[in-house]
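S.K.: The primary structure of each chain is shown beneath.
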Amino acid sequence: MLRRVYLDNNATTPVLPEVLEAMRRYFGEHFGNASSIHHHGQETRAAVERARESVAALLGCRASEVVFTSGGTEGDNLAIFGLARKGDHVIASTIEHHAVLNSCKYLSKYPGMAACEVTYVPVDGCGLVDPADVKRALRPNTKLITIMLANNETGVVQPVAEIGKIAAEADIYFHTDAVQAAGKIPIDVNEIGCDLLTISGHKIHGPQGVGALYVRKGTWLEPMLYGGSHERSRRAGTENVPGIVGLGKAAELARAGFERGDDHADQKMAAARDHLERELLEIEATGLNGEGAPRVPNTTNIYFDGIEGEALVIALDLKGLAVSTGAACSSGAIEPSHVLTAMGLRPDRARASIRFSLGKQNTPEDVDFALALIPETVERLRELSPVWSKNALSI
Amino acid sequence: MLNTETIAVAMSGGVDSSAVAAMLRAEGHNVIGLTMQLWNQRRLAGHEGMPESVQGRCCSIDDVYDARRVAETLGIPYYVVNHEERFERDVVRPFVEEYLAGRTPIPCSLCNNHLKFDQLLIVAQQIGADKIATGHYAQVVFDEQLNRWLLKRPADKSKDQTYFLFGLTQEQLSRTLFPLGGMTKPEVRELARKHRLAIAEKPDSQEICFVPGGDYKRFLEAYLSEQGDMPTGIAGEMVTTDGKVIGEHAGVHNFTVGQRKGLGVATGSPLYVIQINNDTRQVVVGKDEELYSRTLRARRVNLISTAELREPMRVAVKIRHRHQPAPAIIESAGESAGPDEIQVTFDEPQRALTPGQAAVFYDGDIVVGGGWIENPAP
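Keeping their order, the protein sequence lines are chains D and L. Per the numbering used here, the very first residue in the first sequence carries number 1; after that it's consecutive. Per the numbering used here, the very first residue in the second sequence carries number 1001; after that it's consecutive.
Hints listed in this document are in silico derivations from the structure and should not be mistaken for laboratory results. Keep in mind that the hints are not guaranteed to be accurate.
Computed list of lysine-lysine pairs in DSBU-like fashion (alpha-carbon distance at most 35 Å, straight line) [as the list claims (entries may be wrong)]: (1) Lys109(D) / Lys1131(L); (2) Lys319(D) / Lys1202(L); (3) Lys105(D) / Lys1217(L); (4) Lys319(D) / Lys1217(L).
Now the stretches of chain D that chain L is said to cover, found in silico as 3 or more residues with beta-carbon under 8 Å [unchecked claim]: (5) 333-340; (6) 377-385.
Virtual Cβ for every residue (Gly too), placed ideally from N, Cα, C.
Please model the entire structure based on the sequences and the hints provided.
M.R.: Shown next as structure tokens:
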């Protein structure tokens, strides 16, 4: 049996045993519709509201400011389409997740829908947005700034608190996609100064198909789903109770993690990431994408000159190591990374980049497994590469 | 079991390549399924007469889904690899440019030469596969005496695809398997059924994979519009073989040698495109009998069964996919020509020698080599 090691936790994380245990009852004995007035409904209503408090505690907000969604994409869509109206101007960055980028593209492309203008602020070579660029992009009709907290590919943490100040001074809404930051670094919506913040369950060892959007009190959002008055009329539809309970438990565990001491799993994960990164950068003609910028502690994105990342991902998967590169399109093929390209990486270098992302379940042995495989695999790929030659190094 | 190899199978989601994966798996090999993502059908949606919803076959999600299902049924690893950039550079652009130059291209051969047996072969080697296998109907054998790899016609002559494979080098052939070479299509379908593959009854594909509905003119216009590259001044005269101007045309890309329909001129007797002169933008039309000629010049020739052509050789030459190979003599085109140019002289005149198509040379079932048909000397 092939040993399999999973270092692609920015794609999704395994559900922690405690989370699964918390969810289990809500598939069976506690099955009620949380809107029902009877005992069964009251049971699940209580569970949903407890979960809301856990999520609020993770984000430093009030429970009433948490809207449960189907995940990160819905949260991003609800924030953007819930606010932007015809004639508005929106500011986003070039490295946003597709859930934000394609929503913004839709805003500007379909005049009948919204006819909004969107400005995309660039990033520097480390993958950082310059708050001054955001400020310069402001217009009288700017309604919303949407800039992510941590990037999914590089793990680079954006200066959101500064952007929050700019938004507050200009009195416009600020949304941040915190899907890749939640559970990895402490989040406080008031320190960030955002009005909306998206998280997703399955990126923090909760289940897939559930997420939450923080909506600051007093922010009125046009719903995307109409129906009952669920989620304070901001998101109709019977609550996904097991999912919400799982998200609540995952949020609780993540928060507990930040409050514990040095021997805690997060520190171990960070140490394992640093070890992996250090060793991989020992391989010749490699480099770190996002070097010099603050990053979440689980992610490292490295280029291996002279290889195709796609071939490396496949070769490693065949040997039991799961890592990733770029974003997958609908067929499953890998597309060139818009994030690395926006950072100014040469196209061949963007294609030669691999993302390693750790989770709480990873052990130092997992990293050793990866480190035993990668150098020899990179070497073989380079030997067979039509463009790679040792001579290329000296140029 | 003689020996177990790691083999990458180029899977399209169709019956043939699925059957290949099933056969090799049943033989005990380590099989890895690969599908090339070559073209995004949605790219040209809405351009120049292309509908918003494009129903093309190439790299459709349905085909990838089918291939993935087959891989799952067989229990083999499966991956989609993105070669869109190379496909556009090495296949789509030349396809468009050839038409604009008044020739009639064969994108499938370019795809075989530059993608399937080049890029995909490299990926296969990089991920640890010794060989690549495809669902082409052809055979590859090693000849000890010649010390060369030979490409041969398959058992099922009606499915013969060697015409599209003439560009394969010795190195490529040495790493290639065509497991269907000894089988007939009904046998292949039966094999797919036996392995309970969901695609066993899937119809065969015929058209050029990236051209929706086979409408190449609409594709050209949509692509050029997307590139902001609509050629100007491409209209020209329609002239008869004796030099009489009888009309005008909107661009040489609308014509192919031998074409009868859609010439836009009405005369008493049927007219055919005899020649397309790209320099003068003239389309020369004439009678059917004027379409016949005995000689052609093939360029960028790849020889397979022999390293070089020292003396004239008697072969049969196929000048388009659906053409009965015709007896001919091939010989080096001489000092003045390039080293990879070959002169073909047919025993009998052949109809519609079409620049841009391939001339493939056969010695019985063995592919001697082939090249691209050049424009006739002025």
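S.K.: With the threshold set at 35 Å, check whether the alpha-carbon distance from lysine 319(D) to lysine 1217(L) stays at or below it.
M.R.: The given pair, whose Cα atoms are some 46 Å apart, is violated under the 35 Å limit.
S.K.: Between the alpha carbons of lysine 319(D) and lysine 1202(L), is the straight-line distance 35 Å or under?
M.R.: Answer holds: lysine 319(D) to lysine 1202(L) is near 33 Å, not above 35 Å.
S.K.: For the stretch 333-340 of chain D, count the residues whose Cβ lies under 8 Å from any Cβ of chain L; is that count three or more?
M.R.: holds (count 3)
S.K.: Verify the proposed pairing of lysine 109(D) with lysine 1131(L), using a straight-line Cα cut of 35 Å.
M.R.: Since the Cα atoms of lysine 109(D) and lysine 1131(L) sit roughly 47 Å apart, the hinted pair is violated (cutoff 35 Å).
S.K.: Do at least three Cβ atoms from the stretch 377-385 of chain D come closer than 8 Å to Cβ atoms of chain L?
M.R.: holds (count 4)
S.K.: Under the criterion that the straight-line Cα-Cα distance not exceed 35 Å, is the pair lysine 105(D), lysine 1217(L) satisfied?
M.R.: holds, 31 Å
When held up to the earlier numbered hints, the structure conflicts with 1 and 4 and fits the remainder.
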